[in-house]
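Respectively, the protein sequence lines represent chains V and Z.
Just so we're on the same page, this note's numbering is the position in the first sequence counted from 1, plus 4.
Just so we're on the same page, this note's numbering is the position in the second sequence counted from 1, plus 2.
Keep in mind the hints are simulated off the structure, nothing from the lab.
Backbone N, C-alpha and C define an ideal beta-carbon position, used for all residues, glycine too.
It cannot be assumed that every hint is accurate.
What the hints assert, rightly or not - Computed list of chain Z residues with no C-beta within reach of chain V, every gap over 12 Å:
(1) 8
(2) 35
(3) 39
(4) 81
(5) 96
(6) 104
(7) 110
As the list claims (entries may be wrong) - Here are the in silico distance ranges between beta carbons for each label pair:
(8) Z/21 - V/19: 17 to 27 Å
(9) V/42 - Z/103: 47 to 57 Å
(10) V/86 - Z/17: 35 to 45 Å
(11) Z/54 - V/68: 18 to 28 Å
(12) V/85 - Z/42: 17 to 27 Å
(13) Z/81 - V/21: 42 to 52 Å
(14) Z/85 - V/58: 18 to 28 Å
(15) V/45 - Z/56: 37 to 47 Å
(16) V/59 - Z/82: 28 to 38 Å
(17) V/72 - Z/14: 45 to 55 Å
(18) Z/22 - V/114: 35 to 45 Å
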Amino acid sequence: SQQGEEDPQALSIQEGENATMNCSYKTSINNLQWYRQNSGRGLVHLILIRSNEREKHSGRLRVTLDTSKKSSSLLITASRAADTASYFCATDAGTGNQFYFGTGTSLTVIP
Amino acid sequence: NAGVTQTPKFQVLKTGQSMTLQCAQDMNHEYMSWYRQDPGMGLRLIHYSVGAGITDQGEVPNGYNVSRSTTEDFPLRLLSAAPSQTSVYFCASSYSRSGSYGYTFGSGTRLTVV
């Protein structure tokens, strides 16, 4: 499988703290994406980082990519209860045609 | 509203029955795909299409058929339902096959096979 793997599987933090989750993948990629899934809902695209980028920001989100280690991290700063969700990374395995998702990190933000 | 529409939202099938999960998008996206989501397994790619008339297999294609006669529609057919196909199914679309603009997901179809 080309699947990525997120770490940790579950994370529980207090509101206002930062949340960091990691993604490791197996093959070279063109880009890596992060998605959020609220319970019982579809996935929502958060941010995309290309293989030639090392860091990207979007609001309270910061994504880093280390292609030499085949890993990425998603940082959510100043977390809110509304950030409670599962977070997935997705990679294209270099093909551009097929996107593979990891198993996700379940984030709980306690008010 | 622009987006990906999946029907039905819930379905119960008996083993051996067939059915079609519908997926439609109104964003003129070329790329469409089907995933299934199972607990602890993440999302696994079933089939995908890079344009009308073109489809290909993903990670777990067995037991499923797809066709893409129009840009808008990408139905998923279960030929003979099995309990192992109990899952939540998501359809997704993207402007480009490289996913450079991210994927838009439908709200899912929860399928139970008894």
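Quick rundown of the hints versus the structure:
1. At the 12 Å boundary, the C-beta of residue 8 of chain Z falls inside the reach of chain V, the nearest C-beta of that chain being 8 Å off.
2. A beta-carbon of chain V comes within 12 Å of the beta-carbon of residue 35 of chain Z; the shortest separation is about 7 Å.
3. Not every C-beta of chain V lies more than 12 Å from that of residue 39 of chain Z, the closest at about 9 Å, which undercuts listing it as non-interface.
4. With a closest Cβ-Cβ approach of about 22 Å to chain V, residue 81 of chain Z is found to remain outside the 12 Å limit, as its non-interface label requires.
5. Its beta-carbon lying about 8 Å from the closest one in chain V, residue 96 of chain Z breaks the requirement of being farther than 12 Å from that chain.
6. Not every C-beta of chain V lies more than 12 Å from that of residue 104 of chain Z, the closest at about 3 Å, which undercuts listing it as non-interface.
7. Consistency note on residue 110 of chain Z: stated as away from chain V, yet its beta-carbon is not over 12 Å from all of that chain's, at 6 Å minimum.
8. For residue 21 of chain Z paired with residue 19 of chain V, a C-beta distance near 43 Å fails the hint of 17 to 27 Å.
9. Between residue 42 of chain V and residue 103 of chain Z, the C-beta spacing of about 21 Å breaks the proposed range 47 to 57 Å.
10. A hinted range of 35 to 45 Å for the beta carbons of residue 86 of chain V and residue 17 of chain Z is consistent with their spacing of about 41 Å.
11. Taking 18 to 28 Å as the suggested C-beta distance range, the pair residue 54 of chain Z and residue 68 of chain V does not conform, at roughly 38 Å.
12. Taking the beta carbon of each, residue 85 of chain V and residue 42 of chain Z are about 25 Å apart, inside 17 to 27 Å as hinted.
13. Roughly 49 Å separates the CB atoms of residue 81 of chain Z and residue 21 of chain V, a value that falls within the hinted 42 to 52 Å.
14. Taking 18 to 28 Å as the suggested C-beta distance range, the pair residue 85 of chain Z and residue 58 of chain V does not conform, at roughly 46 Å.
15. With their beta carbons about 29 Å apart, residue 45 of chain V and residue 56 of chain Z fall outside the hinted range of 37 to 47 Å.
16. Between residue 59 of chain V and residue 82 of chain Z the CB atoms are about 49 Å apart, so this pair departs from the stated range of 28 to 38 Å.
17. Checked against the hint of 45 to 55 Å, the pair residue 72 of chain V and residue 14 of chain Z passes, with Cβ atoms roughly 48 Å apart.
18. A hinted range of 35 to 45 Å holds for the C-beta pair residue 22 of chain Z and residue 114 of chain V, which are about 43 Å apart.
Of the numbered hints stated above, those contradicted by the structure are hints 1, 2, 3, 5, 6, 7, 8, 9, 11, 14, 15, 16, listed in ascending order.
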